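Visitor: Single-letter residue listing:
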Amino acid sequence: MFEADFWLPESVNALAAGSDDLFVFILWVTVVSLVLVMGAMLWFVFRYRSGKAANRLNPPTHHLGLEVTWTVIPTIILFIVFFWGTRDYVRMSVPPASALEIRVTGQKWFWTFDYPEAGVRVQATQALDEQRALEGSPVGLVVPVGVPVKLVGSSVDVIHSMFIPAFRVKKDVLPNRYTTATFLATEEGEFDLFCAEYCGTKHSGMITKVTVVSEEDFEVFIDELKEVSEGPVDGATVFAQGGCAGCHGVTRDAPPGVGPSLHGLYGREERLTTGEFVLVDENYLRESIVNPMAKIVEGYGPVMPAYVGRLSEEEMTALMLYLKGLGAEDGAAL
Amino acid sequence: MSSLDSRSPEPSYLGASRGIRSWLFTVDHKRIGVMYLVATTIFMMFGGILAGVLRMELFTAAGDLVDPDAYNRMFTLHGSIMVFLVIIPAAPAVIGNFVLPLMLGARDVAFPRLNLASFHIYLAGAALLLLAMILGSFDTGWTFYTPYSTSTSGPVAWALTGVFILGFSSILTGLNFIVTIHKMRAPGMSWFRMPLLLWALYATSAVQLLATPVLAITVLLLVLERTIGVGIFDPALGGDPILFQHFFWFYSHPAVYIMILPAFGIVSEMVAVHAQRPIFGYKGIALSSLSIAIVGSLVWGHHMFTSGQSIYASVLFSFLTFFVAIPTAIKVFSWVATLYRGDIQITPPMMYVFTFLALFMIGGLTGVVLGALSLDVHLHDTYFVVAHFHYVMMGGAIIAYIGGLHHWWPKIFGRMYPKRLASITSVLVFVSFNMTFFPMFLVGSRGMPRRYYEYIATFESLNQIATVGALLLGTSLFLTLGYLIWGALYGPAASRNPWNGLSLEWRTESPPIEHNFHGQPTVSGGPYDYPVGPEIPSGDGIGVSA
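Residue numbers (numbering that gives the first Met the number 0), protein chains in the order written: chain A, 0 to 333; chain B, 0 to 545.
No lab work stands behind these hints: they were computed from the structure. Since the model is a prediction, treat every value here as computed from it, not as a measurement. Hints are not guaranteed to be accurate.
Stated by the list, open to error - Just some of the chain B residues that point at chain A, by a computed CB distance under 8 Å:
1. P234
2. Y281
3. S309
4. R445
5. Y451
6. I455
7. G524
Here a beta-carbon is modelled for each residue, glycine too, at the ideal position from N, C-alpha and C.
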């Protein structure tokens, strides 16, 4: 109850080492204040309850010494808390010069991590994370132990916030600007990464892991990514990495998601929110990926993020091929 | 003002005229207060039921009761209703409207028609918020952060227009109270002979008058952004979403003091009257209300420590934040010191004073945790913050308001509720409140973000305790509502001064006559000048001569 580890997850960030001590300090201040004030209150109630004989002569309405005391002591404590909190905050916020830089992109409702030096990218959708976990590969944001890391974040749609409780790190990511956060992991392991700024339907699903690995394993991980990223682009992979499966089902009996099911969609006529009808062809599919707000199918909200600039032409082509094939084997098309 | 000194029986304000029109178009501050009471109670029930559904959804880690969009719309409605339709108007517009002119010894507020207009504007704003709900509702959160609020679907513009209109109700009430306090104090009532509730309402009104226009401008800009794309806040149009957060909290942080300052005033009244002795540190309490209002207007950036605002701004806002804590601490100490050598009556209002002190202290001290920069980074936007502001807003503001209703209920309706049942229920409220919100501190500090429809399994047991607590809390509050209504309709008749209070509202009938007093009351002492010598305090009207 009075230990940091009762209240807070284990801290594995060297830059935030000791910052939990302030929490424990204020916890003690709180407990002592509560005991003193509530104790005085209950004692007075017991002592001066109506009907009980007690000395009620000249109850004081002022007492300079007392009033100065209860002004000065909280002031001193609050100054201590302010300086302590500010010192730790500055230490936690300023990235060491040698930090490994990782680009973090928030998007409804998944995270993308780019390692600019290696030129590789990891996307952390729930489906991809599960797949990686099954394969025994590191999940989510993969970082080396004992190396300072600087996260440079931005968003492609609304504000999200990268929150890693075990690192005591939280920073909003915004469209059109960069924000930074920094840490130095002291232990290998898997830690939660949450989105902490409300961002809509799947806000609570925008979670992944931070996997801290040894420096050797980190190099292996980056090398494997390099190999994968040089192979031919596969539409199903683009679909998975784009986070499409979070909202769109692709099988015949997929339950309706946030977006319409894509099974057998190609070649169909769809009714739009404006009441117009549109034939689903390559142009409509492409437009709905880069600028989803343009033509929205009836019964769905304007919630899909725009993928303009997010896919290379190569990826777009592969994706289109994949989408056209969905349900085609059942003869659903035409 | 007429000084007819006839003592012939006059009908009370409740029976002075009949029919629905005589209520809806009344300019009597007491009837307006009662109408606000009915309206805010209905909205509080609605917001509370929404909270109940939210808590049931969170009973299990998986999302299984409602779908995520419905969940998001419900927490948005819960927040918007509780903030804009319940807590902001409750204490000033219900208790303030009813009690302020009576305490001043005045016939009404300075501008009775404007007062009625405030109520009608409130209804119009509430109607627009409800219209937005019927039109499919909105899922922006009560904070309306851009660019989410400008890009999501739903009738957000209607809801924002409702908030815009509600602001005017708040501004006009504040204006009315300030003028009334300046111009209509009874002969002999100097500033430092005013009951402390009036000081608190004065400070509240000043904040309402100065901060609410900023909210109005902000939501108007947001409506323009959504409808014609002006691009003040949307980065895609060259705007700045952080600017919105500054604008929003420039109002919404002071709004916290609009909610809590009247509560401080109510507690000051209750603690002195039910301890039957002069309040400790009258001037300290009176002036700390003003200093909280001033300093509280300069701390809005502490909502934005992780937003990407400059580190220097964060340090400054953190520093200023701690200066609000000092006058607040002084008030708490003064209330407790008032119990020393008192003649403490264990009445339902006093039970709510005890409840308030315990819950508000926890709320305030956890605010110190959040004011510290390094800790806020971890705790911001987690359930720790949810717990903190429910301890302050509900454990503080709403609990004091409910206590105030128990204090003035016999004055408002002329009948007494069952007191023993009320005292027992206050204990139930206290226990179930802690059961609901205390686990949230823990689940938050362990990392659970707020506004989560689903959560990881580790957090489940604490959430289950909170959900059970919330259902008990809801039951206790419905019980409270039930016996209060029963008391108002069928309770035993209350005397004009059931608690032996000394401020002027206790010198007229219960319920008061339409014009409040038979003559112009005068004041020759302080509002808490209980005898402190050897004689035993008893009887009505001690310390103030008519």
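Visitor: Using 8 Å as the Cβ threshold, decide whether B:S309 counts as touching chain A.
Guide: Violated: closest Cβ of chain A sits about 11 Å from B:S309, beyond 8 Å.
Visitor: Given B:I455 was flagged as interface, is its beta-carbon under 8 Å from a beta-carbon of chain A?
Guide: Nearest chain A Cβ about 7 Å off; hint holds.
Visitor: Should the hint that B:G524 touches chain A count as held when the rule is a Cβ pair under 8 Å?
Guide: Since the shortest Cβ distance to chain A is 13 Å, the answer is violated.
Visitor: Holds or violated: the hint that B:Y451 contacts chain A, with Cβ atoms closer than 8 Å.
Guide: It holds, given that the least Cβ distance between B:Y451 and chain A is near 4 Å, below 8 Å.
Visitor: For the restraint on B:P234, tell me whether the closest CB of chain A is nearer than 8 Å.
Guide: OK, holds: B:P234 within 8 Å of chain A, min 4 Å.
Visitor: Please check whether B:Y281 passes as an interface residue: C-beta within 8 Å of a C-beta belonging to chain A.
Guide: Holds, because the Cβ-Cβ distance from B:Y281 to chain A comes to roughly 7 Å (cut-off 8 Å).
Visitor: Once the shortest beta carbon distance from B:R445 to chain A is found, is it less than 8 Å?
Guide: holds, 6 Å
When the structure is compared with the earlier hints, violations turn up for hints 3 and 7 and for no others.
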